[in-house]
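Colleague: Sequence:
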Amino acid sequence: MKHKNKLFLVSAVIAVCFTACKKDTYIEYNTNPATIYNIKAEEQFTNGCIAMFDADYEYFYDYYRIMMPWMQYFTPVNGNSKTFMSDVGNFNQRRGYFYSRVGNVFKDVLEIIKLLPQQEQASRQHQVAITNILMTYYAFYATDINGSLPYTEAFQARYGGTVTPKYDTQEALFNKFDADLKASIAALKSNADGQVSFGAADLYYKGDATKWVKAANALRLRLAMRWAKRNAAKQREIATEVLANPADLFASNDDNLEFVTSSSHAGAGSNWDPSGALFKGSKAVVDFMYETSDPRIRIFFQKNAYSATNVARAIAQNVIPASTVVKARQYVGGFASPDAASNPANARYYNNNRNFLNANNRQQPLDTLSRIQYRLFTPALENPVLTAPSAPGTGSLTFPMLTYSELLFFRAELAVKGVTTENASQLYEAAVKASMRYYDVMGSRAQVFEYTAITDAEVNAAYNHDKVKFNTAKAMDQIASQSYLHFFKQANEGWSLYKRTGMPNTTTVLAFEQILADGVAQKMPRRALVNLPLTTDRNFENAKAAIDEMAKDPNFGAGPGDIYGRVWWDMP
Numbered sequence: 001m002k003h004k005n006k007l008f009l010v011s012a013v014i015a016v017c018f019t020a021c022k023k024d025t026y027i028e029y030n031t032n033p034a035t036i037y038n039i040k041a042e043e044q045f046t047n048g049c050i051a052m053f054d055a056d057y058e059y060f061y062d063y064y065r066i067m068m069p070w071m072q073y074f075t076p077v078n079g080n081s082k083t084f085m086s087d088v089g090n091f092n093q094r095r096g097y098f099y100s101r102v103g104n105v106f107k108d109v110l111e112i113i114k115l116l117p118q119q120e121q122a123s124r125q126h127q128v129a130i131t132n133i134l135m136t137y138y139a140f141y142a143t144d145i146n147g148s149l150p151y152t153e154a155f156q157a158r159y160g161g162t163v164t165p166k167y168d169t170q171e172a173l174f175n176k177f178d179a180d181l182k183a184s185i186a187a188l189k190s191n192a193d194g195q196v197s198f199g200a201a202d203l204y205y206k207g208d209a210t211k212w213v214k215a216a217n218a219l220r221l222r223l224a225m226r227w228a229k230r231n232a233a234k235q236r237e238i239a240t241e242v243l244a245n246p247a248d249l250f251a252s253n254d255d256n257l258e259f260v261t262s263s264s265h266a267g268a269g270s271n272w273d274p275s276g277a278l279f280k281g282s283k284a285v286v287d288f289m290y291e292t293s294d295p296r297i298r299i300f301f302q303k304n305a306y307s308a309t310n311v312a313r314a315i316a317q318n319v320i321p322a323s324t325v326v327k328a329r330q331y332v333g334g335f336a337s338p339d340a341a342s343n344p345a346n347a348r349y350y351n352n353n354r355n356f357l358n359a360n361n362r363q364q365p366l367d368t369l370s371r372i373q374y375r376l377f378t379p380a381l382e383n384p385v386l387t388a389p390s391a392p393g394t395g396s397l398t399f400p401m402l403t404y405s406e407l408l409f410f411r412a413e414l415a416v417k418g419v420t421t422e423n424a425s426q427l428y429e430a431a432v433k434a435s436m437r438y439y440d441v442m443g444s445r446a447q448v449f450e451y452t453a454i455t456d457a458e459v460n461a462a463y464n465h466d467k468v469k470f471n472t473a474k475a476m477d478q479i480a481s482q483s484y485l486h487f488f489k490q491a492n493e494g495w496s497l498y499k500r501t502g503m504p505n506t507t508t509v510l511a512f513e514q515i516l517a518d519g520v521a522q523k524m525p526r527r528a529l530v531n532l533p534l535t536t537d538r539n540f541e542n543a544k545a546a547i548d549e550m551a552k553d554p555n556f557g558a559g560p561g562d563i564y565g566r567v568w569w570d571m572p
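In UniProt numbering, the protein residues as written are 1 to 572.
Keep in mind that the hints are not guaranteed to be accurate.
Derived pair list, reagent style SDA-like, types lysine to any residue, alpha-carbon separation capped at 20 Å [unchecked claim]: (1) Lys499 <-> Asn104; (2) Lys552 <-> Asp562; (3) Lys499 <-> Thr455; (4) Lys417 <-> Met503; (5) Lys182 <-> Gln119; (6) Lys166 <-> Lys552; (7) Lys499 <-> Ala232; (8) Lys523 <-> Lys467; (9) Lys40 <-> Gly89.
FRET-style restraints, in silico, Cβ to Cβ [what the hints assert, rightly or not]: (10) Gln119 <-> Thr164: 51 to 61 Å; (11) Asp254 <-> Thr535: 27 to 37 Å; (12) Glu549 <-> Tyr99: 42 to 52 Å; (13) Arg538 <-> Asp562: 23 to 33 Å; (14) Asp254 <-> Gly561: 24 to 34 Å; (15) Ala232 <-> Val325: 27 to 37 Å; (16) Ala157 <-> Glu549: 16 to 26 Å.
Simulated from the structure, these hints should not be mistaken for laboratory data. Beta carbons are placed, not taken as given, at the ideal position from N, Cα and C, and that holds for glycine.
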């Protein structure tokens with residue numbers, strides 16, 4: 001019931017916001033400084049919460065077409081193109097979003113509070129702290145693949161500040177993020193009297209300071225993991241501080257920082273909708289999950305159409321030969337390697353456009369490969385095998401941000417590496433099981449096709465598989481492989497995991513496919529293109545200086561356009 005209550009709150013507040021704050025009004029808020037006096041901090045905070053996930057282009061390009069295929073979460077219908085590891089058209093939507101719809105809105109919240117009388121400002125310390133946590137969250141996300149960005153001087157123009165903000169280095173940003181998170185945690189724990197809560201305007205925790213402290217600590221630990229190769233002492237310092245007080249840590253999936261919204265947020269046929277592309281689960285992921293009896297497989301992917309019933313009907317309709325053999329396995333992944341997908345020996349997996357009339361007298365394709373669970377990304381989709389006309393889905397969409405499982409995986413990794421003295425085995429087991437249970441919650445909310453609840457027996461059986469159960473000899477391999485699966489709905493974190501650890505790879509327990517194009521092994525991209533603005537851009541000099549500074553690092557690569565180069569945190 002707790003999850004349902006959270007959904008009701010989000011849906012209700014979004015409805016109120018979009019009724020009371022029409023799009024033209026929203027634009028006015030962000031272009032006319034005078035309107036800062038006409039909106040409450042709570043209203044603009046809600047706008048910022050929504051703006052973080054009003055990102056259909058980002059999912060269409062950055063996630064579905066780029067990061068998820070790169071990371072072998074899924075493949076296009078007929079396999080990847082030979083150039084998919086270098087195709088970055090329209091990639092990096094997050095950078096523009098940060099400056100045009102997220103960071104600027106949260107800056108407004110802070111400025112609105114500054115306009116209040118001094119006594120009232122003192123009663124809004126918690127609101128300032130929570131706003132800063134979300135500002136830090138998204139700024140961290142933006143710099144993660146971009147490196148240096150304007151931040152400390154950004155968003156100042158409408159408040160009398162500079163229109164040519166300097167760029168902060170990623171190292172400076174990381175230090176700023178950590179300091180701001182610590183300050184927010186201190187403010188939220190100060191128990192200052194008479195604090196005004198965001199209440200229902202907070203679409204995550206309803207202003208609960210205790211929850212926000214936990215989220216800030218989870219974000220600090222994510223930051224610490226990026227710091228490992230640059231400053232191990234700093235990583236240890238952050239980890240030690242974060243873990244010092246267990247009461248300030250996520251204790252279950254109920255603590256997760258997540259955005260849960262109604263099916264109308266991501267409509268069928270919109271840029272959110274992955275069904276038109278017919279994405280298929282990758283062979284690496286599907287094979288591993290099937291072998292280990294991982295119950296998340298039915299939340300991630302759909303079964304193919306070759307059930308005994310469907311095969312019998314298709315034979316009776318002369319769609320397939322009478323000799324067709326029914327196989328028990330209905331989860332089959334597609335090849336991530338372009339060479340493997342185009343190999344004539346694998347042609348039987350592709351271009352199966354044969355349709356038959358199913359038991360509901362509806363045309364259904366006989367798909368050999370397992371499609372992704374479309375409703376996990378677009379709950380509004382109708383069920384394609386129901387009797388027409390099928391009603392749209394009414395489930396809810398979950399965007400995980402910071403989760404209990406992620407925190408546990410990080411803690412297990414730090415323990416294995418000797419950074420902490422915690423019990424890696426216990427943390428890892430708890431992380432794996434919590435991930436399975438969380439995906440069950442997300443699948444249930446989304447009403448994924450043929451949803452069946454994940455049971456404790458399934459969770460325990462999957463964990464006890466030899467390739468999953470903690471083994472000291474291959475602990476880091478297992479942690480990385482399971483972390484990777486957990487980040488199925490957070491592909492940026494899966495990609496960052498790979499950049500941090502080099503795992504999963506072709507030799508890990510969850511074995512990646514080797515990516516070959518015309519026999520040539522393909523490299524994993526490391527960052528976004530860094531675009532130099534036109535010389536007529538008013539901030540050209542600061543942008544050029546920032547790129548020149550990043551280029552001094554030999555790991556930056558051949559130039560701003562080298563996506564195989566690295567940002568500051570991403571050390572070899």
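Colleague: Which hint numbers doesn't this structure obey?
Modeller: 1, 3, 5, 8, 9, 10, 11, 12, 14, 15
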